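The hints should help you fit chains B and C onto chain A, whose structure is shown.
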Amino acid sequence: MSDAMISATHITVVRSGRKLLDNVGIDLEPGKFTVVIGPNGAGKSTLMKVLSGEMTADMGHVSYYGTSVDLCQPVDLAKRRAVLPQATQLAFPFTALEIARMGAVAHGALNPTEEGRKALSRVGLRGFESRPYPSLSGGEQQRVQFARALAQVPQPVADGLPRALFLDEPTASLDLGHQISVLEIARDFASAGGIVLAILHDLNLAAEFADHLVVLNHGRVVAEGPCADTVNDDIISAVYGIAGTVGRLPAAHIPYVLPQSRHR
Amino acid sequence: MGFSMTFRGFLTVALFGAGLVAGSAAAADKGNSDAKRIVSIGGTVTEILYALGAEDRIVARDSTSFYPDAANAKPDVGYMRALSAEGILGQKPDLILMEEGSGPPPVLEILKASEVPMVVVPTPPDATKIGQKIRDVGAAVGLSDKAAALATKTEDDLKKLAADVAKIPGPKKKVLFVLSLSNNRVMAGGAGTEAGAVIEMAGGINAAPTINGYKPLSDEAVIAAQPDVVLSMSRGDHSITPEQAFALPSMQTTPAAANKALISMDGLLLLGFGPRTPEAARSLAAQIYPGAVN
Amino acid sequence: MPFRASDDGDRTRQGVATLVLLALLLLIACLISLGVGPTGVGLKDLWAYATGHSASLTTQERVILEAVRLPRTALGLLVGAGLAVSGAMMQGLFRNPLADPGIVGVTSGASLAAVTAIVLGGTVLSPMALFFGNYFLPLMAFFGGLLNTWLLYIIAMRAGRTSTTALILSGIAIGALTAAMTGLLIFMADDRQLRDITFWSLGSLGGATFGRVSSILPFVLVVLAIMPFVARGLDALILGDAAAFHMGIPVQRLKKIVIVAVAAACGASVAVAGSIGFVGIVVPHLLRLTMGPSHRFLLPGSALGGGALLLIADSVARTVAAPAELPIGVITALFGAPIFLFLLLGRNGIGMRDVQ
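So the sequence lines, in the order shown, correspond to chains A, B and C. 206 is the number that the numbering used here gives to position 206 of the first sequence; each next residue is one higher, with no gaps. 294 is the number that the numbering used here gives to position 30 of the second sequence; each next residue is one higher, with no gaps. 582 is the number that the numbering used here gives to position 24 of the third sequence; each next residue is one higher, with no gaps.
Worth flagging that the hints you see were computed from the coordinates, not collected in a lab. The model shown is predicted, which means the values in this text are computed figures rather than measured ones. Virtual Cβ for every residue (Gly too), placed ideally from N, Cα, C. Fair warning: there could be bad hints in the mix.
Quick partial rundown of chain B residues pointing at chain C, CB under 8 Å, derived from the structure [to be verified]: (1) Arg345; (2) Ser348; (3) Ala349; (4) Glu350; (5) Glu379.
Here chain A stands alone, though its shape is the one from the complex (with noise of 0.2 Å):
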């Protein structure tokens, strides 16, 4: 078992008498892109709450590279993880370049500015650097933000050790073409060597991109592994409700959508 990488162990957590998360454990490998799916109530978000040390659990054991997360100061996990939110509401009008500086000043850039601009072309968003933040359309925020994540770890490795991209749902209110290149982001991150976790509501792109996928329902991991395994029917239809959704054709005359088949 490689300490390079971020785990948790037997994590539960309860609020209210409610169970979030019931025994989970999770292993975030170098190179791999994880992708957490489930049901709304599943525990996803709670999940990366857990992992990215924004939540204490009640029982279990979150550690990253061998060091529990509980010993760490916040500076030195904003050096090892970057979290992308979902949607953020603003109360000043900071301007594009402003957000996503900041991602780079958590990563103690000597010239963030310049970082920060690099980022934002990487989501392309060149061009962008003035607009003010609240004046961007829903999908325009998100990818500053992603910007913003991106500028925090700009780097893969670094020093011998993968850094982590948390993604919380990170194509909502993106449209089609923008979730696909944001996801090709990351990946690339991953392939690089870098740590990704992402939640993803989409099914179909979750099957594309995910190297390890993890199904969960009700607080538990119903399944895990490569998507060849963990995506099919029985699964699907057990934690959705909804039946005979995978590998199937829909009636002749209802169009169809893949965004994995799409031309490379």
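The following block gives chains B and C in isolation, referenced to the frame of chain A:
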């Protein structure tokens, strides 16, 4: 874990207290008999200066000094407890004469440091101390003789009044001093007020002796007080009319209402405790006991 | 005018330029404050004093400069800077442009303590009043402010995390309580005390002495000294407690430090200058429009702008009704409120949003 208030508290006491305690300047109590530019603070002090004929030597006064009327033409340095150091010094005074209780204290310190002669006159709300007040003011401006004469006259007038009041036949009347009737509430003058003292000088009984200071009286207390006369202040053309005074339900059952006995007198005249006090008290007595005093 | 960031989105140049302008403005405001007043002591006298030729001044002129103008300018600078920076920090902490330093309970606590000192200083508290003399009221106000903030903090700190909503709600509750107690004391007050209370609550720099200046200096310095350290944290906090944590900010510690520093600076300011409003809201607001919301420029800018604003307001207060003096709280409200309205009505399009 929490923040340790005890350590912080100790530190703050030390820092703040030590920082605040500054040396105080020595008091300057001397007067200036040749003063030609007097800044006069306090209605009674100003009134006495005018009575001594020193009005041309006054260069500025405070906002409580509105008698005599001529005083209002002089520059106003503000409320006597919220003075402006530079404002006063800007009048280039050669004497600052102020009633006790003027302030704020830091401004007084600055004035002391400026080496302008400054005299503080004690002004207790006590008829027997009026003479001393007049003498103190006179001493400060080099008019001790005139002041002695005025003081003696005032004291004599007070004695005469006391004698006349003692001769008033019949039971003493209960007088309720009403400061204001706003919001249909009676703000009465109780024990320890100038109003109470003047009422007694005029041979009356304060109808609200159980409250201290100027306080709102509840409706029941007004009824229980059963005042024979209601006394109120007028300022310029403002005064409470009998209709207004006795319209309140609580007042309607009082003997005062039955007799429509409302007395209205100028505020500074009535409450000033200065040279006009004997005249004010006499006038009040004459109105409370018509015909018995003149 | 305001929001036009340079095309590359980096507002550093604007930030620096605005800071330079503000420093200049502060310098001018200081000169006005030192050189203008009803006694006619002017800048040339100041120059004589500063260059060691004070023998050429009369005693009175020297007293005016040393005992009136200099301490007053120093006090105005400190109080203005302290209040404005505190306002900016509170707005960052609460992610709300309407937050002012009073939100942590320090002004209502200080007011209650001051009213207590005024009303009970002659009776129940007279031994203390006699012991501390002139400093009784400021000391009471200072500790009252701190005590109230501490109380508020304890109440809002449940389960070890300071939720901003809990702080605001507790603040409302405690504020109502302090207002009620203040009302009770006002009922007990006599005529003279009522006037004192009124003037205190309108604020004034008239009682400035070097003793008072040196007493509030450490507390205002604290809030100024932490500016570079909290700027980054406050920026990150705008994205939310969680995002700030993810970017490495120790959120709970930041909140504690900021709240304590703000309470100390504002408590000290209120203690020596009474209650002065609007500086904490209007200055940071105006500056956000010109230099953007990034705290690395906003905080120092607020310090400079707040000091300048208060000094100018004080100069007006001292001269417009001379030889009397208007309470400074009246001036700041008289100008602050219309500016505030103008900001609210005129700038609505530029994305000033309310966030829960």
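When the hints from earlier in the document are held up against this structure, which numbers fail?
No hint contradicted; all consistent.
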